[in-house]
Structures are given as C-alpha cells and as structure tokens.
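All chains should be modelled from the sequences, with the hints used to inform the complete structure.
Sequence lines, in order, name chains A and B.
Each number in this note's numbering comes from the position in the first sequence (counting from 1) with 370 added on.
Each number in this note's numbering comes from the position in the second sequence (counting from 1) with 370 added on.
Treat the hints with care, since some could be wrong.
Same chains, same label: a pair holds when it works inside one copy or across any pair of copies.
[Claimed, not checked] Listed below are the simulated DSS-like cross-link pairs for lysine-lysine, each with C-alpha atoms no more than 27 Å apart in a straight line:
1. 725 <-> 484
2. 992 <-> 961
3. 741 <-> 398
4. 676 <-> 851
5. 398 <-> 742
6. 1027 <-> 992
7. 485 <-> 725
8. 725 <-> 398
9. 725 <-> 452
10. 484 <-> 452
11. 780 <-> 824
12. 961 <-> 1017
13. 824 <-> 892
14. 742 <-> 676
15. 992 <-> 1014
16. 784 <-> 484
17. 961 <-> 921
18. 1017 <-> 467
19. 942 <-> 673
20. 464 <-> 436
21. 992 <-> 824
22. 992 <-> 1017
The hints are simulated quantities; they were obtained by calculation from the structure and are not laboratory data.
From a predicted model like this one, the values you see are computed outputs, not experimental measurements.
Protein chains: 2
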Amino acid sequence: MNPLCTQIHYLLSPKSVVIVGASADYSKFTGRTVKYVLRHRYPGKLYAVNPTRTEISGIPCFPSVKDLPEAVDTAFIQIAAKGVPGVIEQCIEKNVKSIIIHSAGLGESGEEGKKTQERIKAQIREAGIRVVGPNCAGIVNMTESMILSPIACYEIDDLPAGRIGLISQSGGLTGAYVSRAADRGIGFSYVISTGNEMDLGVSEFAHYLLRDEHTDAIAIFLEALRDVNLFREVAVEAMNRRKPIVVLKVGRTEVGARAAASHTGALTGADTIYDAFFRQYGIVRVETLEDLFEVPALFCKAKPPKGRNVGIITTTGGGATIVLEAAAQAGLQFPPPSDSAIREATAFLPSFAAKSNPMDVTMSGAGGGFKKGLELLMKDDTFDMIVGVVGTSSQFEPHLGVQPIVEVCKDATKPLVAFCNPNAADALRLFEKNGIPSFRTPESCGRALGYLVKYGEALDGFNRGKGQQRTADPDSPNAAKALNILVTSGQILTEYDSKRVLSTYGIAVTREKMTGDVEQAKQAAKEIGYPVVMKVMSADIPHKSEAGVIKLGVPSESELVAAYGELLAKAKRFKADVRIDGVLIQEMAAKGVELIIGMKRDASFGPVIMFGLGGIFVEVFKDVAFRVPPISLSDAREMIGEIKGEKLLNGYRGMEKMDCEAIASTLMSVAGLSLDLGEEIRELDINPLIVYPQGKGIRVVDALICR
Amino acid sequence: MNPLCTQIHYLLSPKSVVIVGASADYSKFTGRTVKYVLRHRYPGKLYAVNPTRTEISGIPCFPSVKDLPEAVDTAFIQIAAKGVPGVIEQCIEKNVKSIIIHSAGLGESGEEGKKTQERIKAQIREAGIRVVGPNCAGIVNMTESMILSPIACYEIDDLPAGRIGLISQSGGLTGAYVSRAADRGIGFSYVISTGNEMDLGVSEFAHYLLRDEHTDAIAIFLEALRDVNLFREVAVEAMNRRKPIVVLKVGRTEVGARAAASHTGALTGADTIYDAFFRQYGIVRVETLEDLFEVPALFCKAKPPKGRNVGIITTTGGGATIVLEAAAQAGLQFPPPSDSAIREATAFLPSFAAKSNPMDVTMSGAGGGFKKGLELLMKDDTFDMIVGVVGTSSQFEPHLGVQPIVEVCKDATKPLVAFCNPNAADALRLFEKNGIPSFRTPESCGRALGYLVKYGEALDGFNRGKGQQRTADPDSPNAAKALNILVTSGQILTEYDSKRVLSTYGIAVTREKMTGDVEQAKQAAKEIGYPVVMKVMSADIPHKSEAGVIKLGVPSESELVAAYGELLAKAKRFKADVRIDGVLIQEMAAKGVELIIGMKRDASFGPVIMFGLGGIFVEVFKDVAFRVPPISLSDAREMIGEIKGEKLLNGYRGMEKMDCEAIASTLMSVAGLSLDLGEEIRELDINPLIVYPQGKGIRVVDALICR
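Below, the structure written as structure tokens:
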C-alpha cells in the first residue's frame, strides 16, 4: 500500500474509533452518530469523549482524547467549531492515526471560521496526520459495517453493501443517495463525505478506491476539483485498471458567467473545461441525481459491449419505444434481428406480435414467448446488448416478470438489462439481487446504455493513444528559444513577437519582416513580393484593426511608401505617446478556411486550449472544442471532429478537403508550448489560422500572446 | 353538449355496459375486464355476452348482443378479431350507443386484419355509431368508478381519482401511468386508450375533456396525430379556456430520416413539425415518461407565475443546487432575496446558514427555521414561485417534513412546490393529498417549473396575438392571379413564374424581364441598368447553377450579346431537347444578408414553412425555424427570434440592423399563399431572399415552386 493509501486506510477501515462530542441523546445530531455506529454493529473498538459521562450506550467514555487508553485509528470530531483545534492537538499528541471533522462553522462560514480552519491546517501539516472535513457528513464503510455519520439515512436497518464507492462533496446528498439506492437494492462499498476538503479531497479518496478490492466503480458528486493533477493521475490509472469513474458535476449553468476579453476567455467557462477534461480521461459525466447510482450500478455488472447495436424485447410497445428513443439519442442503434431470428420468432409468436426490433411478444410473453424471444436476441450476433422491457407482471407477479431474464442472464454473452414499465419496486430489487442491471425509468435505461458504450469506446481510444501524450518539457531547446523572446517582451506581445514564439515550436507563420523605416520596408516588400500587408507593431495596440493600423494588399512600392506614413500617423492618433516597435511587412496569405486556436490558463486546470472556425462559428454558434493539455494526437483529431463546422474542412460542397493533420499537429504544438512555458504564458490567441487543402499545411496570419 | 361530446359521453360515462366475450376465468385477459369492473364497483348496469354462460360473477350473461334486455350505452368487445364485424352488426341493430373494441389483430396486423377493420369502419360510418379502438386497452372513468379495461394496474384497489384526463395511443403505457401515478397519490379523471383510432382518436377525446368539468389538465401520450385540423381547434379552445394540454410524443429520433431533395424537405422531419405546431398552440411537450403525469399534476394545482424568478429554501445544499440547475436550464432565474428578507433571515438563522438563494437554513430547519424562511420568501416580491427542498425528515418523519410547507401553502400567493431529497414516498403522497405539487427528482422539479412558466408565457402571447392569424382565403384576388400562373405551368415552375406567383402576394422580387431573343435582352438590360444577371429559364433545369446557365454581373451590351449565345449552348449541353422559355434579364441585387424561406406540404399538417439564414447556417448548423400555417405576425417574429443566426440580423459587429419586419411580413405572405393555394403548391423555395437594413425591405433573388 502506498503512503497515501495507508493513511486513508486508517480513515476508511479503522480498527478503533473515538467519537469526540458523543451524546446519549439520539434526537440530537451528536447522538445520532452514536446511534448509527451501534445500530450497524461496528466490529472494531469504540470510544467516546464527553467530559460529563463515563459511558454512552455502553461505549466507554473519557473526558478528553488524551485520556483514551489507546492511539485510535480515527477520531470523529463533532464538537463546536471553536473547540476543534484543541481536540486536534490532543489527537496529535495521542498519536491518533486519522481524523474526521464533522463540525461546521469553519472554512465555509465567516472570517473567524476560516482562521480556525487555517490553524487546524497548520497543525495537521506539521504532524503529518490526514484529515477529512471539516463540515463533512462522515465516513461509511459498508463491507465492514463501519457507519460514522449522523445522516438520518442510516436509520434504515438492512442497507445493502455494494461495490460502488461513493465520494460526495455534498454531505446532505449522501443521505439522498444511500436512501434512494437502498430502495432499489443498490448498495455502496464506501460513502465518503469530503466537506470543506481542508486536507483530503475527492482526488485522494478516488486514488484509494481505485486500489480497493471492494470497489468496482467510483461515483463522485462534484462541485469543484481541488487537485486536478492528482485527479488526472487517478483518471489515467482508472483507465489502466478499467475501473470506471462516474461523476455528477453541478455548475453547467455557470457556463459563460465568467466574462473575459478574448474569445477563448469568453467561452472557457469552467464547466466547459470539466467537460473536456472528463472526455479526455474517459470519465463518465452523468446529468441527473439518480444516474449517479444507476449508472455505476450498471458498470459494476456489465462490461462495455462490442458495438452500438441494441436489441429490445418487450411485452408492451409504448415503454419499449421510450427506451429506444432515449438510447437512440445517446447514439445507440437498433438494427432488425437477423433473418433466421425472425424466422424462429415467427414459429412461436402470435401473428400480430412484432418480430422486429423492438420485438413485441405481446400477450404471448406470459406463455414463454418472452423467454424464447430473449434467447433468440441473445444468440443473434446482430446485437451487442439486450434490453428486456417487462410489463405488468413486474408489478403484480414480480417473480414471474423477473424470472425469464434471470434465467437467460445465466448464460449471457453480452450485456442484458431490464426496464420495468409499471411501478415495480419489488421487481427492481429482485433484478438487483440477481445481479441484473435494472432501471426505474425508460430514459435512465437508454442513457445508461449510452454511457456504457461510450465508456468502452473511451477505453479503446485510451489503449490506442496511450503514451502518445505530449507532456511538458520545459528544458527543451524550443522552450529556451521561446522563453528568450518572452522575457524581453512586455505583458502583451506584439503580433511579430507572438509569431516568433509560435515559430520556435515549428508552427508555420506568414513570411514577414519587421522594419524600422521606409527603406527597410521597401526592401522587405521586395523580398516578400507584392502585394504585401503592412501592420504597425506596438504593445500599446493589441487590437490593430480597431486602431486602423493595418493595410492589406499593398500593391506597389509607391503605395507602400504612402501607407507607411499614414499608418504611423494613425498609431499616434490612437495613443499620443504610443511606443512603436516598427512596421511589419507581411505576405498576403492565400485564401483558405479561417480557423482560431486559443489557449488560456485556468486557475485549476492550467492551460486549456480551444479550437474552432473563426467569426460567426465562434461568436454566434459557440462551435468550439476544448481540451486540457497534455493531449495526444488522437485528442487533437477528436477536437477537430467535435465541431459542427468540421463539415467545411472535409470536402464541403465540392471544395477540396483541408489539411486536418496540419491542424492537429498545430494543436499539439500549441498544447506543448503551453505546457513547456507554463505560467510564462497567460493567454494565446491565433486568429486567424488559415488551413489549406490536404498536404498544403496551415499558416498563422495573426497571433497574440499575453504573459 | 355538442353532438361529438354527446357521442363520446356514452363511452366515457355509460349508464349501462355490456362486455362481449366476458370470461369468469380471472387469469385470462377476458376475465380481468370482468374482475376490474366489479372490483372498482361500477355503479351502472352491467351485462355480459358469452354463449356458454347465463351469469358471470353475478353479471347477467346473454348468448349475444341482440339478446340483451336493453340498448346499452357502450359495448366492450374483447372477442377474436374475425368475430368483431358480426358483433358490431348486432350492436347497430340493437341500437347500442357506443363501442369499445379491445380486440387486437385488426388494422395493426396483416392484410386480413386490415380488411376486417375496413369492413367495421364501413359498418359504423353507415350507422353513425362512434367507436374507440380496435386494439385499445379500454376506457376508465375514475370519478364514476367505471373501469373497463383488462390492464393489470386496476388490481390496485385504492386508485385515487384526480383531475388529469389521460389519453394514450399506447395501451400498455396506460398501466405504467396509472400505477406510477397512484404510487405518488396522483390520479386521473379518465384513462382513455385509443388503440388503432379507426374512428375516434386523440383529437376527439381531447375535444371532450376540454369541456369536461372533472378535468383540469389533459395529458396525451402521442405517436401521431391523425386529425390535425380538429386538434388545432382543440388547442385554440384549450388556450381560450386556459386548460393546459401536456403531450409526450415519441419520434424525436426520426428527425432527418425522411431524406428529400430540397432543403426544406431534408430538414422538415415530421417531429420538427410537431415541435413547431405545439409551440404555436401553447401545448406543453414533455420529454420523459413520468413528466406526463408530474407536469399535469403541477398544472392542476398551480397557476402560471407572473415571472421567471424562483426562490429556493432548503435544509440541504446539494439537492437544492440540482433543482436550481435544472430550472436554470429551463430558463428560470434565481435572484437573491430582498435586503429586508435577508435582514429578517439573519435574525433567526444560525451564522453559517446561507441567507441567499437558495436559502439554506441547515439544521435550524427542524427548529422552525424552515417555516420562517419559507414565509419570508413567500412575502418577498422578488420571487414569482417558491421551491421547498425537504431533507431527511421527509423520509423518516414525513408529517414533520411536510407540515411547514402545508401551513405556508394555505395563504400562498404564488406557486409553491416541494422536492424531497431522500427516498420519501410517504411524504410525496402527503404533499399530493394536501394539494401541494411535489417532485421525486430534482430534475423533474426544475423542468416542471420551466414548463409552467412557458405555458403562462404562451397564454399571454396567445391573448395578445389572438385573431391576428392570417387564415386561408382561397377566393382572394391574389389567389386567383397566382392560380392563373400555376395552371399554365408544369410541375416545376421556372424562377420567372415562381417569382410572378410570389409577386401576386406582394412579395418583392428582383426587377427582371423575360426575353425571347438577343434584341429583347439588350432592351431589357438597358431598362434595368447594367450590370445585369442573365439566367436561362427552363422547367427542365430547376437547378440553374449546376447546369451553368447563370451569368452574374454582365457589365455591358457587348458582353450580354456574347453571353446570350453561350448560355443557350450550355442549356442544350445540359439536355439536348431542353425546352427553353427564354433568358431572364435581372437586376444585380445589392448585397445584404442572405436568407432562405421554404414551404413544403406535409401529409398530415398541410403546408409547413421554414425560415433560416442560407448556406452553412442551414446545411451545417440546421439553424432553422418551422411553423405550421395559419400563423400570426407574432409567430412570424418568433420564427426570426428562434434561430441563432438572428444575431446577424440585429446589429452584429457594428452592422446595421436588418429589416426584420419585412422578413416577418414575407413569412406571413408565404404562409397566406400556401394556405390560399392549398394543394396547388407542393413545395416552395425562396433561396436566397436578401434582407436589407431597417426600412429597406427584402428582395427575392431566386425562387422555385413545385406543384
């Protein structure tokens, strides 16, 4: 066990526990922790700390932590906030191995709370002890019957243990999850509420659960990732171990809330970054409360199917249609059964039963038709997965409704899931008991299959592209050259300097020359060849078009001479004391398709890159793709494939196909540059980048780097 | 009662019923109908027909319908398909008032079934008797305890009666709805399964329920509308009566399945038309199985709020956040409480409770904080509706969790709904019992409030735009003129003729002249003014660009003369025996924003019009809006506002604002023309239509009409 896992192991599998601030009054929060730990029969050693008692419900009680007869594995602290630092000090002195702080009113509330939390942080850092919380709803280890939580869901006696490890940044929601899942017969291996994440957070617990033998899928309710780098490692390791991570993240509607100056900034809402990050690492992002236990429950029981073809068998048309629609919206397909399957079905189904897909066996279902049909679909190679839609019987004769699916499932060679059409709680629990993924609503059934397929595809993609990620290399010669340019520049680089930085990474820019006077300009234009573009370079003028300091298509030397003076005059009109680096003489780039590539550093994720077609594609349709470097070549290709405007790159209306490989390679270079140069670059905007037909590459026409 | 209602009244409120094909074996479908009608204590007169019995479970039984002692109000037929026509004949002879055909194997199955159904149709048409089915799951009138259905959900004894009238095109789903809603304490006034809709269908029953005093909201599970015109009347009447219609329609994923030649056709998937139609008539289209009873249940209890501002009060942060996210995605807003409300809340809530929105009263909820906070939000004018999120108490002490909301609801001046965070079936039923809309999932809660707001907005819009619809006027002088052009044309009109048709409806087209030879062309060009456009007019060449028979920007007479011959030669190269009407000499339209307006006749809906910006907007982004004429001016304006590309019409990047009123008026004209000319026009494509800055109107540059 690595050191982090060893430390977390004390929290999740303690052999001894002390509840600090335990109460014998079960109507209080502080009494409920005692009530539940006893009710669910924690087998380890239990102590309580309460200065007014010597025993609470049979648990030996001590005046303070330092009076405990042993150094316990974990201390559960539920006293008022201001007393916590004192208890922590005693825990450290007593060599307690880990701490759960349930107490609220710390980092999440006013100034005083924040200060106290900082004090605790300093204490535990120094002592090297790991803490979950404060303001957390506790830790639950179902397989070891260790319930350390005051959440009322633990009133339920017969909570099933399961193989989903739940980590939640909301304490209240753990109650919703445990109670709702229990009603369905779905259980968890652990329920971990992380609270304020002063020390341990989602990433650390996910790191542990990945290596835990009782956990087959990790479910996370997420508000914000505090340690992206550790989480990225976790995500990669999860792919290697083929252990799925399912996340419900709130914050979709914050998209666009953070207004920023550049295109990239305006569109890079934090939630968009999460979306990209999850997609890159095969993390399944679900969209509804209940999907966070239904989807991992499916993942625990079913391997990703080989393809996207679903066969549906049903006794009732309507319900099957809704499952089909939801799954079709998730990208799944519904081919008809093979000819031989249809022939076989015709032999035993009534004439008016539908021998297609969905196969609707109608009332013959009860007479064995459902099971026979199910067997047919199961052996038909057309289908990669099967849905059994169960009608009325699931409500009124659960055993009868469930039985055919249970029997066929024994020899199942592909995923088989069940949806019950009526209100059928008992049948759903029976399915779960028999290890068959089942769904309460047709929509969750269709969606979940879609997630399973996409997870399988992400695994395949990961295995194909593994190790091809371009990671940071700050000591590379390119980086050194780029850094030289950056350190001699101001906060905003001119187009000329920005492009020089791009050039050090092999990104093709327009041929151009910086000139200090008309004579140099004439010489440069001669070398580049007319017509040329003229642009005033000045860190004071980041947006040249608005200041009017650009002249396109200058056809001849005489016009160049005239324009030179005009442009400088305009620059001075824009700002009286403008500092001018010179006038850039630039080739007129040939026409092609205009693109935009942006990069912006996010406080949590570091560099985030954006790709899209420029202009209205970005501004009107927000048709852009994001990724969080490091990225692989297949990530870069996916970015291009993700935007709707891709059609314009792939032979739209008889146009030639554009050089998408050159775009992908540019994206890789931008990602590499952003990683290598780290915080030296705050923002980068290539706009436009022109792409030419296949084999003819790209050209950066304008670029802007901000430090 | 109007004649249709009188006829349907026999079906829905029969004073006497005969079950034809009744069985005493309750394990059979045919026995279940008997079982359920008795179990739920139908108070009217009951008869059975079964040649082998004289009595079934106490119901007097006769050998055939003609032996019945009276002319019953409705006959429920559940015998094998082939025997049905004979029974129908007897029903007609016996003067039975209405018929429910449960029997399957008719129109929905093979050739023989279809023929039998046609035979039945002829029988009933002649007799003027109304029929529901065949292949339907029966009729249920909850308020009169009349259950005529073999669906097993009627095993449930204490089914609540409610004020939602359910009409379903799937029989199986009626069972899902009745059982799932019953579990929540939600009931129906009627449950109507329409089956094959050989005679009566969704529209007819909706017509009835609209006028029914036991029904406050109509819920429809829809596969396809068979009588659009009647349904349109129903929808308008529903708006007048402020009785909401909520529809779950399957078929979203059929979008794009119907490939067609023109743009309009390719995009006008049937489902898109339904979407437009529902939007036009304030019909609420829901997207999930359970929304079809949760949303109407909300509509039965709550009036649409005045605005979009939601206040949330909770004892638990996570669940409230998910409600908020779902509602925000539905377009609702969450302003902070007023300053005075925040001040008041500070007085009684703990320091670490959130006095914002959501207002998180944390553990003070149990001590009265929840109720006090709720009262604060209720009297705060900031909010148009309130959500109470109930935590653990809703599961373990349902009365305590429900009570504060029930009490505050008594004096509620705005919609107040509840969401329970944990698994809390009892609390949900309690809320329902107390008339408080409640939700099982945070997503359904957020969505449903969004629907309520949008319904209110649709009502307002309807009341503002009422009577302004441009309806069909086939006898108008415009129509006569247009018809004159149409009847002398072939199936495909040339651009010239197509534009002449548009001109009769006052739609501005390019100035142009048809010419028969070079001399006429020279003369026309002189009148129009160079440069001109030249186009060969031929019904054989609908797509002129591809054939190369267009010349743009012809600058002078000499070039016109040269081009004349070239164009005719190209036309002949395109098709050797091409029939040429002439060469059109046309003004070069000034630049503006290019639009597209299309019209296509749908088999069910009649003309459907489409609007969008041309080119990639349509082809890459499918950024188009549809409406089903007749439309009002506000419909036309909404179409323009609906597309994302609208930004380009409204002062994009310093451009002038475009003449959107001229576009709206063109849409009205196209809709009017399509209605007036009816089946004379199969398809119409205006592409491009150029719009100019405000006050400068529009110009049709090219158009194509197919008859």
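To see whether the hints hold, each was checked on the structure:
1. Only between protomers do residue 725 and residue 484 lie at most 27 Å apart by alpha-carbon distance; the minimum there is 18 Å, versus 66 Å within a single protomer.
2. Proximity of residue 992 to residue 961 under the C-alpha cut-off of 27 Å is found in both arrangements, the shortest distances being 23 Å within a copy and 26 Å between copies.
3. Taking the closest pair of Cα atoms, residue 741 and residue 398 come within 27 Å of each other only across two copies (20 Å); inside a single copy the shortest separation is 52 Å, beyond that limit.
4. For the homomeric pair residue 676 and residue 851, neither the shortest alpha-carbon distance inside one copy (48 Å) nor that between copies (62 Å) is at most 27 Å.
5. Taking the shortest Cα distances, residue 398 and residue 742 sit within 27 Å of each other only across copies (21 Å), while inside one copy they are farther apart (56 Å).
6. For a Cα distance limit of 27 Å, the shortest separation of residue 1027 from residue 992 qualifies both inside one copy, at 23 Å, and across copies, at 22 Å.
7. Only between protomers do residue 485 and residue 725 lie at most 27 Å apart by alpha-carbon distance; the minimum there is 21 Å, versus 69 Å within a single protomer.
8. With identical chains, the CA atoms of residue 725 and residue 398 are at most 27 Å apart between copies only, with a shortest distance of 24 Å across copies and 60 Å within one.
9. Within a single copy, residue 725 and residue 452 get their C-alpha atoms only as close as 70 Å, which misses the 27 Å cut-off; across copies the closest is 22 Å, which meets it.
10. In this assembly of identical chains, the alpha carbons of residue 484 and residue 452 lie at most 27 Å apart only when taken from the same copy (11 Å versus 80 Å across copies).
11. Only within a single protomer do residue 780 and residue 824 lie at most 27 Å apart by alpha-carbon distance; the minimum there is 25 Å, versus 49 Å between protomers.
12. Taking the shortest Cα distances, residue 961 and residue 1017 sit within 27 Å of each other both inside one copy (18 Å) and across copies (26 Å).
13. In this assembly of identical chains, residue 824 and residue 892 lie within 27 Å of each other by CA distance neither inside one copy nor across copies; the values are 58 Å within and 64 Å between.
14. Taking CA atoms no more than 27 Å apart as the test, residue 742 paired with residue 676 passes inside one copy only; the shortest distance there is 23 Å, against 56 Å between copies.
15. In this assembly of identical chains, the alpha carbons of residue 992 and residue 1014 lie at most 27 Å apart whether taken from the same copy (10 Å) or from different copies (10 Å).
16. Neither within a single protomer nor between protomers do residue 784 and residue 484 lie at most 27 Å apart by alpha-carbon distance, with minima of 53 Å and 38 Å respectively.
17. Taking the closest pair of Cα atoms, residue 961 and residue 921 come within 27 Å of each other both inside a single copy (17 Å) and across two copies (24 Å).
18. For the identical chains of this complex, residue 1017 and residue 467 are neighbours neither inside a copy (58 Å) nor across copies (61 Å), given an alpha-carbon limit of 27 Å.
19. Proximity of residue 942 to residue 673 under the C-alpha cut-off of 27 Å is found in neither arrangement, the shortest distances being 67 Å within a copy and 63 Å between copies.
20. In this assembly of identical chains, residue 464 and residue 436 lie within 27 Å of each other by CA distance solely inside one copy; the values are 6 Å within and 95 Å between copies.
21. In the homo-oligomer, the alpha carbons of residue 992 and residue 824 lie at most 27 Å apart both inside one protomer (24 Å) and across protomers (25 Å), since each shortest distance falls under that limit.
22. Taking CA atoms no more than 27 Å apart as the test, residue 992 paired with residue 1017 passes in both settings, with 16 Å inside one copy and 12 Å between copies.
Hints 4, 13, 16, 18, 19 from the list above are not met by this structure, while the remaining hints are.
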